[in-house]
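With chain G's structure known, arrange chain L on it following the hints.
Taken in order, these protein sequences are the chains called G and L.
Note that the first sequence ends on residue 1688 in our numbering; no numbers are left out.
Note that the second sequence ends on residue 174 in our numbering; no numbers are left out.
Worth flagging that the hints you see were computed from the coordinates, not collected in a lab.
Sample of chain G residues lacking proximity to chain L, with all beta carbon distances greater than 10 Å (derived):
| hint | residue |
| --- | --- |
| 1 | Asp1050 |
| 2 | Gly1116 |
| 3 | Pro1119 |
| 4 | Val1350 |
| 5 | Ser1406 |
| 6 | Glu1652 |
Computed from the model, here is a short list of chain L residues facing chain G with C-beta under 10 Å:
| hint | residue |
| --- | --- |
| 7 | Leu79 |
| 8 | Lys83 |
| 9 | Ala89 |
All C-beta atoms, glycine included, are put in the ideal place defined by N, C-alpha and C.
Residues per chain are reported as follows:
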Amino acid sequence: MARVGVFICHCGENIGRTVDCPAVAQAAAQMPGVVTGVDYKYMCSDPGQQMIKQAIKDKKLTGVVVAACSPRMHEPTFRRAAAEAGLNPFLLEMANLREHCSWVHEDRPQATRKAIDLVRVMVEKVKRNGELHPISVPVEPTALVIGGGIAGIQAALDIANGGKKVILVEKSPSLGGHMARLSETFPTLDCSQCILTPRMVEVAAHPNVTLMTYSEVTKVDGFIGSFEVTIRQKARYVDPATCTGCGACYQKCPVKKIPSEFDAALGPRTAIYTPFPQAVPNKPVIDAEHCLMLTKGKCGVCAKVCPTGAIKYDDTDTEVKVKVGAIVVATGFELWDHSAYGEYGGGRLKDVIDGFQFERLASASGPTVGEIRRPSDGQVPQTVVFIQCCGSRDASKGVPYCSKICCMYTAKHTILYRHKVHDGRAVVFYMDVRAGGKGYDEFVRRAIETDGAEYIRGRVSRIYRRTDGKLIVKGADTLAGVPVTIEADLVVLADAIVPRAGADTVAQMLGIAYDTNRFYSEAHPKLRPVETATAGIFLAGACQAPKDIPDSVAQASAAAAKVLGLFSQPELEREPIVARVNEASCVHCRACIETCPYRAIEDFDIKDRQGNLIRTVARVNEGLCQGCGTCVAVCRSNSIDLDGFTDEQVLAEIATLE
Amino acid sequence: MTQTQPKPVEGTGAFDPRIVAFVCNWCTYAGADLAGTSRLQYAPNVRIIKLPCTGRIDPLFILKAFEGGADAVLVSGCHPGDCHYTSGNYHARRRWTLFRGLLELTGIGPERLHFSWVSAAEGQKFADLINDVTEKVRQAGPFEPANPARRRPWK
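Here chain G stands alone, though its shape is the one from the complex:
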């Protein structure tokens, strides 16, 4: 026989003002199976919790309903109190009288009636609750960080400095990501390379870090605490153990005109190459697509000049399997392709470039050694037009959001340009200037007031090339209400920030959610910004949303803190809300196996003592099951139930609402 205790909280005045709490307590006490119904000013306070604990002991309660705020707020508090009094914490349920009743209704009788209904629902549920016990999962204290940009580097370093092992996987031949390509950074104008490269060296040399560049994660299995990850190491054709990084190979390589990815196609690279001189590891790789030896079988110059014999033309891709306890995803972003804007030349005008190309022009390590020279003829542009929100905030182009960093980097570009070309004219077309951040607005003011950038509020309708090579930019000044035409030498488009190509495939591989823009979804927009909804997988950097460097670094450190917290115990406990198969009635139709989003349900062979197969049924892997209950609803033979939300419980809840 159930012995339920109901505890009604006034929440000061929050609930008591609109709900007649003593009346609810009285009504609750009359409900079948309820042995006590009391109300109190603050249930979550120490005396309130004591009241619950005392009642559990004195009245030998088998279930408790606390009617107070949202369970999202204080369910852990009350469950802890119940456990302290010797009651299984999952025998306590909360009725949400505050967020779902007193705060949203004004009429006292109506609110009181609803409150009684809400209590009745939970009483009926808790009578059918069973004892549940947290599931222990062992934790493999090694983290995987996917992406070697600034976010990945920071997360890897923080975890490694916390004393745990890290495997850092980077797709390209070098660490550094987009930040390595930047010239200077806003709002301090410190040199990007100078702050980044020491970090790259540090992470590569760290004894706790296993660095895997030129590698990609191809498969992820398992769950929090023990993920099994397959990593494909692409063939480098250069033995990193014997290569000294002298550079003789790429100086002599005859294939010299491949557009450099690092220089945003403004400069060339060779077929055997390091992306940039400060690369980490500073060991070249051979681009198999362009290498003459690998494509046509003749050349072999690099092997001839290599002093240590490190070139291996017969190198192949290799796969490694690793076991990790947590994963930090830091796959970053790329720029939106502005060729979708036909009015801006559709990507065909050579002197209409994107932000990264301008960064490379302004960078001392770039193709022009830091001189601003336009791509078409190498002239120093006297008028540069910057167009903000190129793609961003344009739902018709599929990018309805603000890319966040473009206002700031455009201001930086104008300052860099004006510092290098003193008599040049920098014109910015903008929609709004969004400079939220420490020192950010001051920086934009500086671009306008000190460095003389001309800001025009309005859009550009058309860019075309006049026969003399000038780019004619036709736009509108919406503040003055006049059309504007500018004869420019160079146009820089602040292209929208979009997730990496293939971001959705990576998300599907990891089993994490992504939004309509393909950015990865955090577990809670405010309170859990670095976790994903999949336990054990964390986010860092611009793969979650457009972010600048400080935000990426902050999020990476936060993700590292979460990983270290996870690794602080040899085992972790998780909520035992999992599905269970009744193997006696399972008909093995496999509907649940096909449906489960976590691949948590597997075939299980029931065998006799001789090992002969009797029949096959579905079985839930508790470690993988996240407790969504989708399998329960699809089960044709009604053989699966979800602990904590059983059919019996839900139907009992529904039955009370008559």
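This is chain L only, laid out in the frame that chain G set:
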């Protein structure tokens, strides 16, 4: 299903519908919490039943709610793509598409079953949704559970 009470007629004596809402824990329940935190007032006619995911909703729950005397049922979960469990809401949507036709066959009009996406950030949408559904059901009148096959004259 044993307790049968007369339908509560509240306020002005006008028909006050009873609506059962099946919501998911991660989006709509949190959205309803946000409506509360933001003190958005809405009709008191809805009783929320929390489930981990809309994917957990067995069509039987909806029929049982009607059998128990609900005038309408509301199902609400995470927006497509935002499901905490990756795809539970897609299963719910598919099931809903099929189930709606079946519901009509049982004589329960489509105006009595509502489906919506409310995220954890959409407190206002939740309040508007409850008001909207309540109003629609109020116009539709009380649900009279009867065997439609008997009521419909043979032709």
